[in-house]
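Colleague: Take a look at the letters that make up each chain.
Number of protein chains: 2
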Amino acid sequence: MTTPRQRHIVIIGGVAAGMKTACRLRRLDAQAQITVIDRSHNISYGACPLPYYIEGLYDDLSEVRKTPVGVLRDEAFFSKVKGITALTRYDALKIDRDNQQVLVRHLDTGEEQSLNYDQLVMATGNEPILPPLPGIDLDGVLPLKTMEHAARIDELAVNAKHAVIVGGGLIGLEMAEALTERGLQVTLLEMKDQVLATALDFGMASLVHRELVAHGINLRLGEPLLRLEGNGRVARVITANGQYPADLVLVAIGVRPAVKLARDAGLELGPTGAIAVNERMQTSDPAIYAAGDCAESTDRLSGKKVYVPLGSTANKHGRVAANNLCGQAEAFPGILGSLAVRVFNLNVGRTGLTSEDAHLLGLDPVSIIAPSPDIAHVFPGNKPIVIKLTADRSSRKVLGAQIVGPGVMDKRIDIVATLLALGGTVDQLANLDLCYAPPYASAMDALLQAANALRNKLDGLAESLSPCEVKELFDKGEDFIFLDVRAPAEFEEVRIAGGTLVPLGALRNKLQDLPKDRLIVPFCKISLRGYEAQIILQQAGFTKVKYMEGGIAAWPYALEK
Amino acid sequence: MTTPRQRHIVIIGGVAAGMKTACRLRRLDAQAQITVIDRSHNISYGACPLPYYIEGLYDDLSEVRKTPVGVLRDEAFFSKVKGITALTRYDALKIDRDNQQVLVRHLDTGEEQSLNYDQLVMATGNEPILPPLPGIDLDGVLPLKTMEHAARIDELAVNAKHAVIVGGGLIGLEMAEALTERGLQVTLLEMKDQVLATALDFGMASLVHRELVAHGINLRLGEPLLRLEGNGRVARVITANGQYPADLVLVAIGVRPAVKLARDAGLELGPTGAIAVNERMQTSDPAIYAAGDCAESTDRLSGKKVYVPLGSTANKHGRVAANNLCGQAEAFPGILGSLAVRVFNLNVGRTGLTSEDAHLLGLDPVSIIAPSPDIAHVFPGNKPIVIKLTADRSSRKVLGAQIVGPGVMDKRIDIVATLLALGGTVDQLANLDLCYAPPYASAMDALLQAANALRNKLDGLAESLSPCEVKELFDKGEDFIFLDVRAPAEFEEVRIAGGTLVPLGALRNKLQDLPKDRLIVPFCKISLRGYEAQIILQQAGFTKVKYMEGGIAAWPYALEK
Chain A
6 MTTPRQRHIV
16 IIGGVAAGMK
26 TACRLRRLDA
36 QAQITVIDRS
46 HNISYGACPL
56 PYYIEGLYDD
66 LSEVRKTPVG
76 VLRDEAFFSK
86 VKGITALTRY
96 DALKIDRDNQ
106 QVLVRHLDTG
116 EEQSLNYDQL
126 VMATGNEPIL
136 PPLPGIDLDG
146 VLPLKTMEHA
156 ARIDELAVNA
166 KHAVIVGGGL
176 IGLEMAEALT
186 ERGLQVTLLE
196 MKDQVLATAL
206 DFGMASLVHR
216 ELVAHGINLR
226 LGEPLLRLEG
236 NGRVARVITA
246 NGQYPADLVL
256 VAIGVRPAVK
266 LARDAGLELG
276 PTGAIAVNER
286 MQTSDPAIYA
296 AGDCAESTDR
306 LSGKKVYVPL
316 GSTANKHGRV
326 AANNLCGQAE
336 AFPGILGSLA
346 VRVFNLNVGR
356 TGLTSEDAHL
366 LGLDPVSIIA
376 PSPDIAHVFP
386 GNKPIVIKLT
396 ADRSSRKVLG
406 AQIVGPGVMD
416 KRIDIVATLL
426 ALGGTVDQLA
436 NLDLCYAPPY
446 ASAMDALLQA
456 ANALRNKLDG
466 LAESLSPCEV
476 KELFDKGEDF
486 IFLDVRAPAE
496 FEEVRIAGGT
506 LVPLGALRNK
516 LQDLPKDRLI
526 VPFCKISLRG
536 YEAQIILQQA
546 GFTKVKYMEG
556 GIAAWPYALE
566 K
Chain B
6 MTTPRQRHIV
16 IIGGVAAGMK
26 TACRLRRLDA
36 QAQITVIDRS
46 HNISYGACPL
56 PYYIEGLYDD
66 LSEVRKTPVG
76 VLRDEAFFSK
86 VKGITALTRY
96 DALKIDRDNQ
106 QVLVRHLDTG
116 EEQSLNYDQL
126 VMATGNEPIL
136 PPLPGIDLDG
146 VLPLKTMEHA
156 ARIDELAVNA
166 KHAVIVGGGL
176 IGLEMAEALT
186 ERGLQVTLLE
196 MKDQVLATAL
206 DFGMASLVHR
216 ELVAHGINLR
226 LGEPLLRLEG
236 NGRVARVITA
246 NGQYPADLVL
256 VAIGVRPAVK
266 LARDAGLELG
276 PTGAIAVNER
286 MQTSDPAIYA
296 AGDCAESTDR
306 LSGKKVYVPL
316 GSTANKHGRV
326 AANNLCGQAE
336 AFPGILGSLA
346 VRVFNLNVGR
356 TGLTSEDAHL
366 LGLDPVSIIA
376 PSPDIAHVFP
386 GNKPIVIKLT
396 ADRSSRKVLG
406 AQIVGPGVMD
416 KRIDIVATLL
426 ALGGTVDQLA
436 NLDLCYAPPY
446 ASAMDALLQA
456 ANALRNKLDG
466 LAESLSPCEV
476 KELFDKGEDF
486 IFLDVRAPAE
496 FEEVRIAGGT
506 LVPLGALRNK
516 LQDLPKDRLI
526 VPFCKISLRG
536 YEAQIILQQA
546 GFTKVKYMEG
556 GIAAWPYALE
566 K
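Residue numbers (our numbering), protein chains in the order written: chain A, 6 to 566; chain B, 6 to 566.
Calculated directly from the structure, the hints in this document are not laboratory data.
No experiment lies behind these values; they were computed from the predicted model shown.
Any given hint could be a false lead.
Identical chains blur together in the list; that is why a pair holds if it fits in one copy or across any two.
To be verified - Cross-link-like lysine-lysine pairs, in silico, DSSO-like; alpha carbons within 27 Å at most:
#	residue 1	residue 2
1	Lys-566	Lys-71
2	Lys-388	Lys-549
3	Lys-265	Lys-310
4	Lys-310	Lys-150
5	Lys-85	Lys-549
6	Lys-265	Lys-521
7	Lys-197	Lys-551
8	Lys-71	Lys-515
9	Lys-549	Lys-515
The following block holds chain A by itself, in its conformation from the complex (with noise of 0.2 Å):
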């Protein structure tokens, strides 16, 4: 675990995946010199709260910075409790792989140095893309990645009334739901026509646009953004479509990885642009490894190199990369983009594949939409999710999940994804052993309820149409009877346009007044009874039916009250 001479390990960066790369480092090695650069004394912070601190739910940015039981993670910390030396209010300028050797300036005096290197360890984390557009440097106009934004955009809030947003991703989602908990009236741009667009399949983001807008969101999709005016001071945007009052300006389109200095020292970058790293997250340079939003990744399902930065995984490279580095052969197995994001009273997220992805690797990808309450529902505080569950036909391996609802997504995603990691059937989820009482699941849990509704389809039992694909038919002008098996008052409540009420327990009577010579298309509030009157009309011969999987709960389309 040591070595003979104190090597020096120098890590750029300071934030996630750097200080936990220190850390892990320091466990294993007690007499190494360990280093770490960063630009900023805010060392050791957590992005992903930023959000909610601009939302108001906690007081002090520091925070952010702090251990659970209320520790700064400052320069002294890690000096007196890691044995970490932290270089703050450094920039890394050069690497001199020759030397090994790290050329810094302090950023404060000016003064520069070489730092000598035995190991360097980048984790120079990502920059958020800020498109070349007219006004992008007004003031009021700026990302979310820093605390130093997260303060400004704070700031910035107190007295604006009216904020733009640009861009659908996690991070726009999740401001657009704490400016408009602060007062602000908010626009959401987004240049694709949907929110989410690399994470969710329409149908599903079709569903966070409803609640966007039910939350005052002024969602404009499909509308890219052309420039930014005012005076010193942003004050308006302009899109193809029309302009729209901005006080604040929130540029949330992406980031990429910050490779400068990488790519300057010649290390390889991969198909992403990130730095190329092996499974244990060592670069094309041995002596150097890169671990956090500037390395990429292996998605476990395809094989191909992607770039997904999150915290989540760079705390994960971190410990790979320390332990690579101090001899402890692991390999870091990759990521299945797996993402969670609450948008308002929706609880978002999806792991794996989507069809999509499925197609491209040459798979034959078979979807369900399945919603269910969340819990028991009998149950008090019940709340419907709206899954949505892939596999593939031949194999009949899960292949990915989108969750949706106001009802717990965060354990069915986390199943799913433990299931895709170990390469698990949709039979075999069907009869996982889940833990159960009323207070936490259905008898059946939702989850595997939507397995066994993909198992249906996958054996021919079931066929079904998708929300999406119902709609078409009616755009198309198809002739089909769409049929409602839900009861009269359930009719009475909420319907979607079109449909012919017949209520499922009179459905065996009145099989009679039904055609067999056209498509039948049963639904029903969540498509149970839906899928139960497909059999019944199936049983009786009728061979033209289809019932809409997810039924008026899945729904993303306008409704009848």
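Position chain B against the provided structure of chain A, taking the given hints into account.
Modeller: Chain B in isolation, oriented as in the chain A frame:
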């Protein structure tokens, strides 16, 4: 899917497994005649939510028989919607396997008839164990299994002041909460020295004990019930140690499989006393299947036959039985003993093997106790959980987990249950790509932190003692330094007797004050700093250092305030 002539499938028992089997059968087979026999009109009810009815969380007892949209699952529902005949108020008296007939008697008219079957499904459920003690037949002494029991307990609770619950299992604990919330003074008698004796280790159960006592439960452990006294109506219970007033006595010492009918018919019973079935849920008679609480299951990890009657398993049994009855070969893979129970503000759950189970199987289990906040600690509403995670030393396969705490437990138990089903290792667990955002988890989830702590132990990096082992050292009068490395303010607030305060930040400067020849046991609030202290001491040449796992958060004994 269909048979040439109309076959008749008779199902004895119309609750979870029976009705699941019936409904799935109908979906797979349009023609079959399906008859379900039950003694009660109250078919297809959920028993698990009954304690919460008594607690007052919902007002209408029939909710447990309704679909999520409020339709009562009565005889008419099964007939009209499902095409299933439910013969309620019928008792199945005898199975004539040679002639494939079931003799039934109507409980109101006394009329008997024989039903021919092509295939038979035993779904006779369980029966609560009532110990043959004096007074067990007194009015006011009853188990909780049926809706009728729930209604009667609810009625008794209106005027009762004192309740005694016999048995600290799932129902006993749920009812301790329910009756306390109803304003009764509750005494909980448990023969063993801990609640949930087959599910949790003593240390974890002790956290539940603390919660029960904190909510006013008179918890009597290791105290067997001797008799019940009263004049027609129960008035008090007498134990080996004393007597307790009781207007209501809930007997919840366990259930046994209801197998009289099966035994009388000569069907093979397994080592657990439940009906023996193969993995297709087929009994020793190929024409007879069994599902739910009357049937045994196989433990996925040990391969042994086990009896763990739960609604979650009953539903899966029913589906597998129906599939096999319709020619869809499906093997039920068995269970993991996954359990969940809410005890006041605690969430309590477990899955897999305990250390004791694992030892009996010849494995070499290594466990860690690791407390953590359930979500990002800066996020409001985060709550602690204590995780006990066990893996096999040589294979590193995860063997089981127990979690107790106010924070989110079920997500982590279900992740472990998924991993167990697929044979994953603790190393695979530690690198899972779980979904992350501050409202849902820490960047490194509590469970992954526990996995890493266990890896450190398996790898010889961490040496540790459980709180129970430390207590033993104290009890034996061992000479060791119990090193509390928290901050002075934390020490002031709460501490364990016998601890010596040396805050972690000061430790590197106080090494000369500590002896190298005595055992040092560092700990903190959750023992992350305790582990850190162990590393610092070991790296300084101290060889006798073992940190106390779980810290104060997992210390199940008295604390000084």
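Colleague: Now tell me, hint by hint, if it's right for this structure.
Modeller: How the hints compare with the structure:
{"no.": "1", "hint": "Lys-566 / Lys-71", "verdict": "between (49 Å within a copy, 25 Å between copies)"}
{"no.": "2", "hint": "Lys-388 / Lys-549", "verdict": "neither (34 Å within a copy, 52 Å between copies)"}
{"no.": "3", "hint": "Lys-265 / Lys-310", "verdict": "within (20 Å within a copy, 61 Å between copies)"}
{"no.": "4", "hint": "Lys-310 / Lys-150", "verdict": "within (24 Å within a copy, 55 Å between copies)"}
{"no.": "5", "hint": "Lys-85 / Lys-549", "verdict": "between (73 Å within a copy, 23 Å between copies)"}
{"no.": "6", "hint": "Lys-265 / Lys-521", "verdict": "neither (66 Å within a copy, 49 Å between copies)"}
{"no.": "7", "hint": "Lys-197 / Lys-551", "verdict": "neither (31 Å within a copy, 56 Å between copies)"}
{"no.": "8", "hint": "Lys-71 / Lys-515", "verdict": "between (66 Å within a copy, 24 Å between copies)"}
{"no.": "9", "hint": "Lys-549 / Lys-515", "verdict": "within (17 Å within a copy, 81 Å between copies)"}
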